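J.: Sequence:
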Amino acid sequence: LRAVESVDQSPDCQDHLAAIARSVGDTPTALEHTAAAESLQADDSRRLQIATLRASVAGTAAAREELAAAIDRHGPTPATLRRLASLHWQSGEDTDALRILGLAVVWFPIDEAAWALRGQLLARQAGQTEAAAQSLATALRLDASHTSRWVELLRLQEQLPCHAVQVRFAAACAVWACPDRVRRDT
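Quick note: the sequence shown uses our numbering, first residue 3, plus one each step.
Just so you know, these hints were derived from the structure itself, not from any lab.
A quick note: this is a predicted structure, and the numbers were derived from the prediction, not measured.
Yeah, the Cβ is synthetic: ideal placement off N, Cα and C, and Gly gets one too.
Distance windows between CB atoms, simulated:
no., residue 1, residue 2, range
1, H76, G104, 12 to 22 Å
2, I22, D98, 29 to 39 Å
3, A133, H18, 39 to 49 Å
4, Q11, T31, 17 to 27 Å
5, E132, D14, 46 to 56 Å
Could you put the whole structure together from the sequences, leaning on the hints where they help?
T.: Right, dumping it as structure tokens:
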């Protein structure tokens, strides 16, 4: 592939080289080629891949800085904001993660994944059970196909710690108006 003429000017070739490097576990080389592809043709999925690779090579702080700079250059997307919030959370910066997710749900109010992540992070905060339940309920209204979010919401409504008890859908779905496809016991 490196022998292909103008491989350095082709984002597709750079993506293929990055995939080959990832497949053999060469993260620094994969990062180099993914960054080269991104510089040739900006793409949201490449920015997310770069953040993942940068986190494994240089840590979450470096990945956070690079992703924030990419958001400044290209504008926010639901996926980049969620990933940036996750990187903040992984660094122990829960307040910043929640701030970013707050922006994400305002800018992209139909992004159910941002609402769900916000609910999951709020659930870990003392005294935020009701706000967490509201975020998860919003995520479920937007996309009710995730049974794990129903479990989380039911646990939060009962104010139980995660995995403290088995939640049985058959007993609770009538109250919460679960869609038919998730009316099963877990």
